[in-house]
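Just so you know, the protein sequences line up as chains A and B, in that order.
For the first sequence, the tail end lands on 419 under the working numbering, and the numbers increase by one without skipping.
For the second sequence, the tail end lands on 332 under the working numbering, and the numbers increase by one without skipping.
Incorrect hints may appear among the rest.
As the list claims (entries may be wrong) - Rough simulated footprint, nothing fancy, chain A against chain B, three-plus residues with beta-carbon under 8 Å:
no., region
1, 89-98
2, 101-107
3, 126-132
The hints are simulated quantities; they were obtained by calculation from the structure and are not laboratory data.
Small disclaimer: the values here were computed from a predicted structure and weren't measured.
We treat Cβ as the ideally placed atom computed from N, Cα and C, and that holds for glycine.
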Amino acid sequence: MLGFAVRRLALALAVALAVSAASFVLLRLSGDVAAAIAGEGARAEDIAFVRKAYGLDRPLIVQYAEWLGNTLRGDLGTSLYFKTDVSALVADKLPVTLILGLSSVLFALAVSLPLGILAAIFPNTWIDRLCLALAVLGQALPNFFFALCLILLFSISLRWLPVSGTGTWLHFVMPTIALGYYVAPAFMRLIRAGMIETLAADYVRTARASGLSPASVVFKHALRNALIPVVALAAVQLGFLLGGSIVIETIFALDGLGYLAYQSITYKDFPTTQAVVLLLSVVYIFLTFTADIVNAWLDPRLRVA
Amino acid sequence: MSAILTVEGLEVDLSVPAGTLHAVRDVSFEVARGETLCIVGESGCGKSMTALALMGLLPRNARRRARRLVFDGIDLAAASRTQTNDLRGSRMSMIFQEPMTALNPAYTIGNQLCGVYRRHKGGSAAAARERAAFLLGKVGIAAAGERLGQYPHQLSGGLRQRVMIAMALMCDPALIVADEPTTALDVTIQAQILKLLKDLQDEFGMALVLITHDLGVVARVADSVAVMYAGAIVERGTAAQVFAAPRHPYTAGLIDCIPVPGRTKPGERLGAIPGTVPALVGNITGCAFRSRCAHAQARCEDAPPQHAEGGHEWACIRGAA
Ligand SMILES: Nc1ncnc2c1ncn2[C@@H]1O[C@H](COP(=O)(O)OP(=O)(O)OP(=O)(O)O)[C@@H](O)[C@H]1O
Ligand code: SF4
Ligand SMILES: [Mg+2]
Chain A
115 MLGFAVRRLA
125 LALAVALAVS
135 AASFVLLRLS
145 GDVAAAIAGE
155 GARAEDIAFV
165 RKAYGLDRPL
175 IVQYAEWLGN
185 TLRGDLGTSL
195 YFKTDVSALV
205 ADKLPVTLIL
215 GLSSVLFALA
225 VSLPLGILAA
235 IFPNTWIDRL
245 CLALAVLGQA
255 LPNFFFALCL
265 ILLFSISLRW
275 LPVSGTGTWL
285 HFVMPTIALG
295 YYVAPAFMRL
305 IRAGMIETLA
315 ADYVRTARAS
325 GLSPASVVFK
335 HALRNALIPV
345 VALAAVQLGF
355 LLGGSIVIET
365 IFALDGLGYL
375 AYQSITYKDF
385 PTTQAVVLLL
395 SVVYIFLTFT
405 ADIVNAWLDP
415 RLRVA
Chain B
12 MSAILTVEGL
22 EVDLSVPAGT
32 LHAVRDVSFE
42 VARGETLCIV
52 GESGCGKSMT
62 ALALMGLLPR
72 NARRRARRLV
82 FDGIDLAAAS
92 RTQTNDLRGS
102 RMSMIFQEPM
112 TALNPAYTIG
122 NQLCGVYRRH
132 KGGSAAAARE
142 RAAFLLGKVG
152 IAAAGERLGQ
162 YPHQLSGGLR
172 QRVMIAMALM
182 CDPALIVADE
192 PTTALDVTIQ
202 AQILKLLKDL
212 QDEFGMALVL
222 ITHDLGVVAR
232 VADSVAVMYA
242 GAIVERGTAA
252 QVFAAPRHPY
262 TAGLIDCIPV
272 PGRTKPGERL
282 GAIPGTVPAL
292 VGNITGCAFR
302 SRCAHAQARC
312 EDAPPQHAEG
322 GHEWACIRGA
332 A
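This is chain A alone, in the form it adopts within the complex:
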């Protein structure tokens, strides 16, 4: 298990390096950094001066090496738009996005696990259909519309929850529900399908034939094997939520990474965009790595790979 973890970690680091290089090159190809630094309406010689001064005329590989060295030392450069340290900027926004992403996935699991298990125990019955309907409700409405409905109900009518901001955990309740409920159906379907399969498996029949309690049959013997694909989906969804929660961040004025990414792209703030892209891909790679480890723990057959 330890050897497996070390090999996977080495692979994850290699992938992170490759992604950072690719994103660096792609971003440089997408626009002229010198022009962006020189500002709107700058003359050609100003741009040329900036290019020389910032070393942007050097080969890309040299610039990348320099950027990588700085990044590894924790120096992500200075934001062109906010005029502040990018590291500080990102460190400021990251927690909001992380909390929102994690709590949304946890909420999605909390909704979809019981619904998926129940549906699988009573497949093709009214229970099954009710569970599916409950799960799918979140996806039937557009994300922003559902969020607005929540605000209308909980903030304006009931006055239970604050409309926007990040002050307390209460601020995260509605965004979490809006995001988590939206991804819940995917989890629910996967859990249902997995449980239907494992409940019909020979080893579950063995467990029943051994007189094990229904709880032990469902949770110990069937659920563990059904969770394996769910872990991978959770990692992918979490990555998606971290990068893609921009609509929800905007609606609830959660000042997170999604919103920062949006701003930095709009204002051609290269260092910030670069940092956000790097951070999100590293987080994504880390999530995949974690999913691999969790799955190897769930399924001993995977540990040899």
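Model the placement of chain B with the ligands on the given structure of chain A, informed by the hints.
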């Protein structure tokens, strides 16, 4: 000898898209303590359904009925789910055909063996482990302590079936139902596993209901035999009675199909009874075997009479010789 298991008029109906499939039709037999009963018949004749009905493990679309279904003095037909669950894995265990998939890939052998023991006997983890290691030794697995920490995928099919047998024995059952326990294994391993089952039976004294479609297996291990055809038992008796003087033409046909060492050349096609089993959906009138029977007559259109002769029973118009 008192019977450990009495089955009278067992019926299993399955609801299928085409209607109701009568998988088990009016099946009756008895198993004495420590006895080996072999249930034999072609694929699809209802052997597994009979076994699952005894264990209360029928699929969801199945319904079980019986005039009498008594195990160890307990009326299974009237037992609650919890009562049946308390018996399973404890007083009665089951071994299945597919050792490759019958163990949970996510847990160690030790975990799965001990789980059964602690479910029924409680006690400490150490006691369960000790019992598991003891039984792994009994089923012929060397280095039991080490095997307990291994996962199913680290074991061969033969070893896994030995583990399944050890699991069935964990709580010292009075009856083991084994549904084709050797069919999925290599021929050499098949013989070893059969011998193991017999040896364990001698040592621990449990009764064995062994399901097979292989009369060669029956000849080696059975005390008594029940021959099933199209969901019903067509002949029943001691192994000596059935092999020496098969009364039902179907039994006789099956016996003719047993390969005889020396007489059957390698690669030669074994004899087989021509024709196919009738569909089990709906009612069968008359003798179910008549489309394949060399002795069929007009009278076979009616339900065949039951004959009994010194514990040897069969259902055919042909009486005692
Ligand atoms: N889950 C099910 N749903 C519907 N019909 C089934 C189901 N399982 C088995 N059957 C049918 O019930 C009949 C009896 O099946 P059973 O499994 O008892 O046969 P068997 O004698 O064990 O055969 P085999 O030697 O192939 O294991 C067969 O006709 C089979 O097609
Ligand atoms: S009853 Fe008739 S058809 Fe059936 S086995 Fe006997 S002789 Fe053959
Ligand atoms: Mg079968």
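Right, here's what the structure says about each hint:
1. Check result for the region 89-98 of chain B against chain A: holds, 3 residues qualifying (beta carbon to beta carbon below 8 Å, three or more required).
2. With a threshold of 8 Å between beta carbons, the proposed coverage of the region 101-107 of chain B by chain A holds, since 4 of its residues qualify and at least three are required.
3. Counting residues of the region 126-132 of chain B whose CB falls under 8 Å from any CB of chain A gives 4; the rule of at least 3 is met.
Consistency with the previously given hints is maintained throughout, with no hint failing.
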